[in-house]
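Starting from the known structure of chain A, fit chain B onto it as the hints suggest.
2 protein chains.
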Amino acid sequence: MKSRTAVLMALAASFTVSFAIADQDTSQISVPQGYRTWFHHHSTVNMTGHQPDGNVGLQHVYANASAVEGLKAGKFSDGATFVVDRFKYMEADNHSLTQGDRKVVAVMVRDTKRYAETGGWGFQAFKGGDPDQKAVKDGGKACFTCHLQLADNNFLFTRGSN
Amino acid sequence: MKSRTAVLMALAASFTVSFAIADQDTSQISVPQGYRTWFHHHSTVNMTGHQPDGNVGLQHVYANASAVEGLKAGKFSDGATFVVDRFKYMEADNHSLTQGDRKVVAVMVRDTKRYAETGGWGFQAFKGGDPDQKAVKDGGKACFTCHLQLADNNFLFTRGSN
Numbered sequence: 026m027k028s029r030t031a032v033l034m035a036l037a038a039s040f041t042v043s044f045a046i047a048d049q050d051t052s053q054i055s056v057p058q059g060y061r062t063w064f065h066h067h068s069t070v071n072m073t074g075h076q077p078d079g080n081v082g083l084q085h086v087y088a089n090a091s092a093v094e095g096l097k098a099g100k101f102s103d104g105a106t107f108v109v110d111r112f113k114y115m116e117a118d119n120h121s122l123t124q125g126d127r128k129v130v131a132v133m134v135r136d137t138k139r140y141a142e143t144g145g146w147g148f149q150a151f152k153g154g155d156p157d158q159k160a161v162k163d164g165g166k167a168c169f170t171c172h173l174q175l176a177d178n179n180f181l182f183t184r185g186s187n
Numbered sequence: 026m027k028s029r030t031a032v033l034m035a036l037a038a039s040f041t042v043s044f045a046i047a048d049q050d051t052s053q054i055s056v057p058q059g060y061r062t063w064f065h066h067h068s069t070v071n072m073t074g075h076q077p078d079g080n081v082g083l084q085h086v087y088a089n090a091s092a093v094e095g096l097k098a099g100k101f102s103d104g105a106t107f108v109v110d111r112f113k114y115m116e117a118d119n120h121s122l123t124q125g126d127r128k129v130v131a132v133m134v135r136d137t138k139r140y141a142e143t144g145g146w147g148f149q150a151f152k153g154g155d156p157d158q159k160a161v162k163d164g165g166k167a168c169f170t171c172h173l174q175l176a177d178n179n180f181l182f183t184r185g186s187n
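From first to last, the protein sequence lines stand for chains A and B.
All letters in the first sequence, in the order written, are residues 26 to 187 by my numbering.
All letters in the second sequence, in the order written, are residues 26 to 187 by my numbering.
Isolated chain A, as found in the complex (with noise of 0.2 Å):
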C-alpha cells in the first residue's frame, strides 16, 4: 500500500505532465535570420479554391542546413528548422502568376522535447512576415491538425532531399 506521500507525489508528477501538454508554448519561436539563403527545396501555388483558404497563395518552402541533413536521413535532429514564405499572387501578363505581398511567414522548428505534442515540431506564424505578428496561440493544435496526415513522413509535407 503507498503512503500518502507517494501518491501526493504521484499527482503531482501527473498533474505536471498534465499541464506541460495542456499548454505547449510555441511564442518563443521567432522568425529565422536568413532564411532567404537557406536551401530552397520547392515552391507551391495554392490556387484561388484550396481549403483552408487561408493558405492560398505562392509558396516557397526553406530548410535549414540540419533539416536538409534530416530530408536524406528521414529522421530530425532537434534544431532542424522550415519555414514556408507564402506571398498572395497575382495574374500579370503573358499568362504568368507573379508574387504579390507576403501572406505570412510560418515556421516549423524540431524540438521532440518542447513540442511533443505536435509531433515534435513547433508551430509558429508571422502575418506578412512582421515578427511582432504571432498567428499561432494554440501551441500549434491547429497547424498540426492538417500534418497528422503525415505521420509517415515526420509530420511533413515536404518529402525528399532533391
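There are no misleading hints in this set.
Note: identical chains are not told apart, hence a pair may lie in one copy or across any two.
BS3-like cross-link-like pairs, simulated, lysine-lysine; straight-line CA separation at most 27 Å:
hint, residue 1, residue 2
1, Lys159, Lys113
2, Lys97, Lys113
3, Lys152, Lys97
Worth flagging that the hints you see were computed from the coordinates, not collected in a lab.
Below, chain B without anything else, positioned relative to chain A:
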C-alpha cells in the same frame, strides 16, 4: 596620307573587333555550384499559353551575393550572377500547382567586356539542369532579344532587392 602598312593595320584591327563581336562565346559558362542556397529572390509561374512556350513552367530566380548587391545599387559588378531554375508544373489535388521535373537551369553572368554584345551579361542554359547539355550556342543573342526590352533595368526581368 596613310601608309599601306597603317591601312592594313587598321583593317586588321577592324576585322579583329568584328570577329570578336560576331563570335561572342558563352560555352564556358557552367552551372553555378550551390545556387540553391543563394538568395532566392522570387518565383513566377508561366502558365500554358505563355510565350515563348518553351518558358512555360514554375521558375525560381536566385541571385549570388554580388547580384544582391547589384540589385540594391542598381549597378552590377563583374561576377554578379543570376540563376533561373525552371520546372514543369503539375495540377495537384486541392487546387494546387506543384513542381514537376526540372526543365532548365538558365544562367546570366555579368562580364562587361566578355559579353559586351549582350549588355554585359553572358547567357547560358542547361537542359534538365544537366551541365553537359548547353542550350545556348549563339553567344546569347536569342536570350538577349527578350532581355533587350529591359534596358532601363540593366536588362533584367528581376527588379528590386526585396
